[in-house]
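> Kindly produce the complete structure, drawing on both the sequences and the hints.
Residue numbers (this note's numbering), protein chains in the order written: chain A, 1160 to 1432; chain B, 38 to 290.
Because the hints were derived from the structure by calculation, they are not lab data.
Lysine to any residue pairs mimicking SDA-like chemistry, simulated, CA-CA at most 20 Å apart:
1. B/Lys100 <-> A/Glu1174
2. A/Lys1397 <-> A/Phe1231
3. B/Lys100 <-> A/Gly1175
4. A/Lys1310 <-> A/Ser1230
5. B/Lys119 <-> A/Leu1188
6. B/Lys119 <-> A/Leu1190
7. B/Lys119 <-> B/Pro156
8. B/Lys119 <-> A/Asp1431
9. A/Lys1397 <-> A/Ala1226
10. B/Lys164 <-> A/Phe1260
11. B/Lys119 <-> A/Phe1260
12. A/Lys1397 <-> A/Gly1381
13. B/Lys119 <-> A/Arg1194
14. B/Lys100 <-> B/Ser58
15. B/Lys119 <-> B/Leu149
16. B/Lys119 <-> A/Thr1351
Each pair of labels, with its calculated beta carbon distance range:
17. B/Glu271 <-> A/Phe1363: 41 to 49 Å
18. B/Ala92 <-> A/Ser1404: 48 to 56 Å
19. A/Ala1205 <-> B/Gly64: 57 to 65 Å
20. A/Leu1201 <-> B/Thr94: 43 to 51 Å
Selected chain A positions facing chain B (in silico; Cβ < 10 Å):
21. Arg1180
22. Arg1194
23. Ala1267
24. Ala1272
25. Arg1429
Note that beta-carbon positions come from the ideal geometry of N, C-alpha and C, so glycine has one too.
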Amino acid sequence: MTTATLDRAAHSRDEGHYGFRTVAQMEWLKLRSVRSTWWTLLVFAAGMIGLAILILAHQHWATMSAADRASFDPTNDSYAGLAIGQLALGVLGVLAVTSEFSSGMIRATFAAAPRRPLVLAAKAAIVAAVTLVAGEILAFVAFGIGEAVLKNPAPHASLGQPGVLRAVLMAGAYPALIALIGLGLGALIRHTAGAISAVVGVLFVLPLILVPLGTSLQNSIGQFLPMVIAENSLTAVKPVAHSLSPGVGLALLCGYAAAALVAGGWALARRDA
Amino acid sequence: MIEARGLVKRYGSTTAVDHLSFDVQPGTVTGFLGPNGAGKSTTMRMILGLDRPDAGTARVNGKSYHELRWPLREVGALLEAKAFHPGRSARAHLTALAVSNDLPRQRVDEVLEITGMGPAANRRAGKFSLGMAQRLGIAAALLGDPAVLLLDEPVNGLDPEGIRWIRGLLKNLAAHGRTVLISSHLISEVAQTADQLIVIGRGRLLAQTTVAELSARSTSLEEAFFQLTEGSTEYSTSYEANYGTNYPLRRVS
Chain A
1160 MTTATLDRAA
1170 HSRDEGHYGF
1180 RTVAQMEWLK
1190 LRSVRSTWWT
1200 LLVFAAGMIG
1210 LAILILAHQH
1220 WATMSAADRA
1230 SFDPTNDSYA
1240 GLAIGQLALG
1250 VLGVLAVTSE
1260 FSSGMIRATF
1270 AAAPRRPLVL
1280 AAKAAIVAAV
1290 TLVAGEILAF
1300 VAFGIGEAVL
1310 KNPAPHASLG
1320 QPGVLRAVLM
1330 AGAYPALIAL
1340 IGLGLGALIR
1350 HTAGAISAVV
1360 GVLFVLPLIL
1370 VPLGTSLQNS
1380 IGQFLPMVIA
1390 ENSLTAVKPV
1400 AHSLSPGVGL
1410 ALLCGYAAAA
1420 LVAGGWALAR
1430 RDA
Chain B
38 MIEARGLVKR
48 YGSTTAVDHL
58 SFDVQPGTVT
68 GFLGPNGAGK
78 STTMRMILGL
88 DRPDAGTARV
98 NGKSYHELRW
108 PLREVGALLE
118 AKAFHPGRSA
128 RAHLTALAVS
138 NDLPRQRVDE
148 VLEITGMGPA
158 ANRRAGKFSL
168 GMAQRLGIAA
178 ALLGDPAVLL
188 LDEPVNGLDP
198 EGIRWIRGLL
208 KNLAAHGRTV
218 LISSHLISEV
228 AQTADQLIVI
238 GRGRLLAQTT
248 VAELSARSTS
258 LEEAFFQLTE
268 GSTEYSTSYE
278 ANYGTNYPLR
288 RVS
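Here it is as structure tokens:
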């Protein structure tokens, strides 16, 4: 029986070769067949919805100062959950590669597909697709729930108002870009704890380091930090001082993600697996 | 067919593989032997393109590993037990690898059956015993029905029935024209399966020979192996040379 089965080679050996399509299929099956993917997506959803409710259900227009009323941006306030959500999807990106190093799976992957930058590109495409879909869905859901729990007479935002749809779409794209930064850092660092620490460092620690440097440095450097771009550029409908325009902010984040992936791909190709 | 030519791998100041050249022929099982730390696993990783040699080349079917069009259809490898995500099922692990090389999904069921993993196919692989993990690794190596197989310590963790099974499987693969290289540090185990031998120590080739020729060199195959690898271990054997196993012991009863 064994002989018969082993001899039945039912595939053509001469046609084609492995490539982006087949490797991306592998990466899709890998990503969806581990629980951590679904846990991180669940934490992302809970964070996005939970904080939108928490912030907007507790806005008391009647007691707000005139300055607070002037700067009140209900769209922006729908995305308080990005602070948690970005970390959840950053971890998803990190784990997509570091879990392979910690388990030894990476050697099976590279034996199946020896071109390592191709493997990382396929991982990036799958991670980007999954996190972008999740990000956009949750961006619309958080916006809708946030506006629903916001009590009158506070002004409400709607998708038809200028800049609101743009803010919602960019809010959904932001965590996907953080996931790609996590993937690149994971490929560079290889260890789960180290790579997650690096993501936390970029997202949460860098802004804190700027605080003692004084307001002027904080304003000039701070606007280039991912989380500040998310809060003050991407999801802001009312312009915030000392911040990049939404388009420039998004382009810069894409640049960060590309830089992390290039560094990660270079490290994968150069170092032994 | 596997050809290694002048392979060198250094880690800092230590040379793990030192100008190693050998051929592995199809149609026979070749044992790849040497004491712990001799460089067997490093050599196998270099053949698979996982580690980059500092010098020399390794070719599989006349091509470097990176040139293979469908790597899993040409080379099957078992490098370490438990080289899989512990949370993924055996079937999901094999399916992911299969699609990367455009292999039909029905092939996953076939290798699960061949390795006896059918009943455990949907269990999380992290819960497997070492023997089951080893069977899953062998299933992965067989996925593409490759002409070349490299198995690092394939009997590791298998129970006696499993060991008998893998011996038969490897002999069968070789009898059907495949190139089979299995590493081990146990000459007695390898002699049960292999005809050809490549013996290395401290990264250098000590002998490329046959089981029959090696055992004719001394009173027994094991004795001949120890004479060959003497002085090639990374650990010290001087204490053993002085005392044997009769070192001074406190009597306890």
